[in-house]
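Trainee: Letter by letter, the chains look like this.
2 protein chains.
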Amino acid sequence: MSNNYSKQREIILEVIKNTRIHPTIEEIYEMVTKVDCKISKSTVYRNVKILAENDTIKKITMQEGPDRFDYIHFPHHHAVCEICGKVFDFEYNFETKKMSKSIKKQTGVISNMDCITINGICENCKSKK
Amino acid sequence: MSNNYSKQREIILEVIKNTRIHPTIEEIYEMVTKVDCKISKSTVYRNVKILAENDTIKKITMQEGPDRFDYIHFPHHHAVCEICGKVFDFEYNFETKKMSKSIKKQTGVISNMDCITINGICENCKSKK
DNA sequence: CTCAAATTAGGAATTATTCCTAATTTATAT
DNA sequence: ATATAAATTAGGAATAATTCCTAATTTGAG
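Quick note, the sequences are listed as chains A and B, same order. Under the numbering used here, the first sequence has 79 at position 79, and the numbering climbs by one with no breaks. Under the numbering used here, the second sequence has 44 at position 44, and the numbering climbs by one with no breaks.
These are computed hints drawn from the structure, not numbers from a lab. You can take every hint at face value.
You can't tell identical chains apart in this list, so a pair holds if it fits in one copy or across any two.
Pairs of lysine-lysine, PhoX-like flavour, derived with a Cα cap of 20 Å:
#, residue 1, residue 2
1, K126, K104
2, K17, K34
3, K105, K86
4, K105, K126
5, K41, K17
6, K86, K104
7, K49, K59
8, K128, K104
9, K38, K7
10, K7, K49
11, K17, K7
12, K104, K129
13, K17, K49
14, K101, K126
15, K41, K7
Between the sequences and the hints, there should be enough to build the whole structure, so can you do that?
Mentor: Written as structure tokens, this is what we have:
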């Protein structure tokens, strides 16, 4: 296995693995520089891109602001609160599969539903209103 | 009703209404300048944003590249081909509602499923492979 | 060990978008 | 109609997010 052979790439992956905050590149960069202060931002960008293409991590494209990333501990989707921006995980299930079938029928697009992100309002923000 | 009172805003809305290509700002800008060559790009940005906040048009956040926009002829979602980037419309239906309920149960996030975009592979690109 | 390939840091360049300002247009109240 | 206030505009500067470039360094294979 010839992946992950640079020290920097290992640090970046470890950092993403060990957080639950669905970090942006900026946040990943801040975390990795605490481990090794000389890692450059372009190295973070490059390796995060490689890891996302690998399906080691998942890119979460946000409606507003920079992309976020998440280590794939298990296959899952994301629900983003439109008010506070917090990201919640939810699992693949029967409903996901049914919807995938319905989309294929309507549009011809075949999807494993890998990149769905749902926008809505979380419980906390709803109760504040 | 005090919306749409500038000439520029009317042109921008008309252009978006009369295309099916789910245009980017750049593409909207090119189309509006064919009607009135003096409209500036910042005017396009500003008005497109207003129209999206109005729910007159819908912003489609792409996995790659700039946002795209679509006039809301009827409520619908989008399926994006990961290979050619083409955007397909699909309707709200039973499956969408079921999935929304499932997400609420799992995450607490309440969504009207307004901003789902599904990524996959379209028929045309699939047959080429 | 040696050498080719991959990776790095750091910054320049690019892309997408927002912000700023003075001038113009539009709406409102006489 | 006319004055005045509010909104909008063009155009460019500024910002944010990301990619690209290059010479130096590190890594892995023979």
